[in-house]
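In order, the protein sequence lines correspond to chains A and B.
According to the numbering used here, the first sequence is numbered sequentially starting from 1.
According to the numbering used here, the second sequence is numbered sequentially starting from 1.
Simulated from the structure, these hints should not be mistaken for lab results.
A hint or two may mislead.
What the hints assert, rightly or not - Listing some non-contacts, in silico: residues in chain A with all C-beta distances to chain B over 12 Å: (1) Met-1; (2) Arg-154; (3) Thr-171; (4) Gly-180; (5) Asp-211; (6) Glu-347; (7) Glu-351; (8) Met-378.
To be verified - Derived pair list, reagent style BS3-like, types lysine-lysine, alpha-carbon separation capped at 30 Å: (9) B:Lys-193 to A:Lys-106; (10) B:Lys-197 to A:Lys-112; (11) B:Lys-243 to B:Lys-227.
Quick caveat, the model's predicted, so the values are computed rather than measured.
The beta-carbon is built from N, C-alpha and C at its ideal position, and this holds for glycine as well.
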Amino acid sequence: MIRDQETLNILLDTISRFVRERLVPAENIVAETDRIPDDIVAEMKELGLFGLSIPEEHGGMGLTMEEEVLATFEIGHTSPCFRSLFATNNGIGGQGIVIDGTPEQKAHYLPKLVTGEYIGSFALTEPDSGSDAASLRTTAVRDGDFYVLNGTKRYITNAPEASIFTVMARTDPAQKGAGGISAFIVERGTPGLSLGNPDEKMGHKGSHTCDVIFENCRVPAANLIGGREGIGFKTAMKVLDKGRIAIAAISVGVAERMLEDALRYACERKQFGKPIAEFQLIQAMLADSKAELYAARCMVLDAARRRDQGLDVGTEASCAKMFASEMCGRVADRAVQIFGGAGYLSEYGIERFYRDVRLFRLFEGTTQIQQLVIARNMIRAHNG
Amino acid sequence: MKILVPVKRVVDYNVKVRVKADGSGVDIANVKMSMNPFDEIGVEEAVRLKEAGVATEVVAVSCGLAASQETLRAAMAMGADRGILVETDAELQPLAVAKLLKAVCDKEQPQLVICGKQAIDDDANQTGQMLAALAGWPQATFASKVSIADGKASVMREIDGGVETLSVTLPAVVTTDLRLNEPRYATLPNIMKAKKKPLETVKPADLGVDVAPRLATLKVSEPAQRKAGEMVADVAQLVDKLKNVAKVI
Ligand SMILES: Cc1cc2nc3c(=O)[nH]c(=O)nc-3n(C[C@H](O)[C@H](O)[C@H](O)COP(=O)(O)OP(=O)(O)OC[C@H]3O[C@@H](n4cnc5c(N)ncnc54)[C@H](O)[C@@H]3O)c2cc1C
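From just these sequences and the hints, can you work out the full model?
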C-alpha cells in the first residue's frame, strides 16, 4: 500500500541519492576495515533510516510494507552490510515490540530505536537450535518481579552494537515445543549478560554477529513482551514473516546492483574485437538474470501488498524469500562469470557481493526451511 | 525577511537524454525528473539564512506542469516553509517564467530572490537576469558566497581571473553557482512532514501574465560524435602535430 505517491517518490529519490553519493564510495573501506565509519553511521541516523517501519506515533515513519520494500530495493544498490546496521531496528530487533509489545514497552523503547540511539537485536538461534528454532533451550524462570535467564544465543546480528535484545526463552520446561516459549526485552549491561567474540564471517564485513550469553541474568518481569508467557514463539514467527519479505527485498536490490555492474562491464569489455555484450552467450546470462529479477521483484511487491491488506502471508513471505535469495545467488554467480578473471579479484567488488549475498539463502530460515513451510501450508490447506 | 526561491523540475542529471526521432525536442516520457541542481543550492542557501536567523520565511515557487508540485514538496522537505505552484502545461520560456515570478514577487514582496544560475535542461541562464530587469531590482549572478547585513546583500561571484564581491541593496535577485554550498539530504521525517506544509496553486491568468512563447524551436539534434583521439609516440611528435596539423601553436 502506498499512502502518498509524491512523498514516497521524494523519499526513494533521497535514499537512492544517499546510497549513490555516500555509501557506494565507502564500500571498499568498510570491507577492508570491517567497520562502517562513524560519520556515515551518524548520517544514516540523521537521515532517519533507523525508524523506517516504526509507527509514526512513536516518531518513526511508519512505512507500509510496500513502501518499505521499495526503499529496501534502493538500499540494496550497495553493500548489504549498511542495511544490516539499521535493519534490525526496523525489522527483527524492533518488530517484536511493535507487533506484540505492551503500550509501556512501545513508549519506552520505540522512540530510542527510531533515532538509532538504541540498536535492537533479535536472539532466537542457539548452538543446538537453528532451523528447529522451537527446540530452543535458553530458560527463563520467574523469580518475584524478575525472570532469570540462562543459555546461549548464536550468530546474533548487531549483538556487539546492540542496546537491547529481543530474546526468545523457554518459560515452561514442561512444554518442549513452541508453546513454552516467551519473548523478553533484555538491555545491554544487565548483570549476567555477556557477549562472545565477534564471529569471523565469509562476507558482510562491516556488520557483526556474536554469541550472547545469559548466566543467571535477571530481567524485570515488565520486559516480558506483551506481558504474557507462552506467546513468544508466535511473536518471533510474526516478526520473521515480515523479516522474510525484507530479506527478499534486499536480495532484489543487491541483484539489481550486480546486474547493473555486469551489464556495464559487458558493454565496455572487448574481446574478439567487440564488446562481450554482443556475444549471445553473455546475452543469455544477462537476459536470464533480468527475467528472474523481474519475477522476484513482482513477488516481493505482491507479498508486501498482501501483508498491508492484513492477509496471512506465511506462504507468500516464504515463497518470496526462497525465490529472491536463490535468484540473487544465481545473478551473483553469472555476474562473476561475466566479469571473467576480474570477477575473482577484490578490486572489482563483484566477488565481495558474491560472498555477501550467500547469506540471504541461510538466515531468517534456510531455503530448505522455506520449502518446508510452503509445503506444510499447502498440505494443511488441502486437508482443511 | 522573506526569501523566494524559484525551483524548476528538470530531467535528472543522471539521465542520458535522447533526441526525439522527429527532431522536435528531447524525449522526456518516463524519464526520471528532479529539482534543478542549481535551484537546490538556492533552497539550501535560503534555508541556511533562515536557520541563521537572517530570514524569517522561505517560499518555494515553481512554474509548469502539475507534477512540479513534487519539486515544491522536495524544497519543503529541505526546509522551505510553503510552496506556490504556477500551474500551466504551456511551454514556458525564460521570459514567461521571469514575468510569472515578477507577478509572484509583487504579491509576496520578498526581500531576496535566489534563483539557480541556469537550469540544466535548456541551460538558458536568463531567468534571474530577466526577473531583476522586470522588477527593477539589482542582481548578483553566479554567487559563490552570500551574506546579508543592513539591508544589503554582499555577494562573492566567480569571474574570469578571480573573485568579485558585489554589494546590492535589497530587494535583489541572486543566482547561485555550484560552489555556493552543498545541499543537504532532506531527512526522511522531514520528507513526511513536508506533505503537511501549505501549497498554493495559481494559474498564469490569475497573475495576469501572457506566457505565449516568443521563440520557436526549429530543430533539436544530437551533438556531433567526437572523433577518436590519436596517440603520439613522444613530445616531439606532439609538438609537430600541434604546429603542423592542428595549427594551434
Ligand atoms: C551472518 C548471520 C546472521 C544471523 N543473524 C541472526 C540473528 O540476528 N538472530 C538469530 O536468531 N539468528 C541469526 N542467524 C542464525 C540463522 O538464522 C541460522 O543460522 C539459520 O536459521 C540456520 O540455522 P543453523 O545455522 O543452526 O543451521 P541448521 O539448522 O543446522 O541447518 C543446517 C542445514 O540443514 C538443513 N536443514 C535443517 N533442518 C532441515 C529439515 N528439517 N529438512 C531439510 N533440511 C534441513 C538446513 O537447511 C541447512 O542446510 C544468523 C546467521 C548468520 C550466518
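Here is what the structure says about each hint:
no., hint, in the structure
1, Met-1, "holds (15 Å)"
2, Arg-154, "holds (33 Å)"
3, Thr-171, "holds (38 Å)"
4, Gly-180, "holds (40 Å)"
5, Asp-211, "holds (34 Å)"
6, Glu-347, "holds (24 Å)"
7, Glu-351, "holds (26 Å)"
8, Met-378, "holds (39 Å)"
9, B:Lys-193 to A:Lys-106, "holds (22 Å)"
10, B:Lys-197 to A:Lys-112, "holds (27 Å)"
11, B:Lys-243 to B:Lys-227, "holds (20 Å)"
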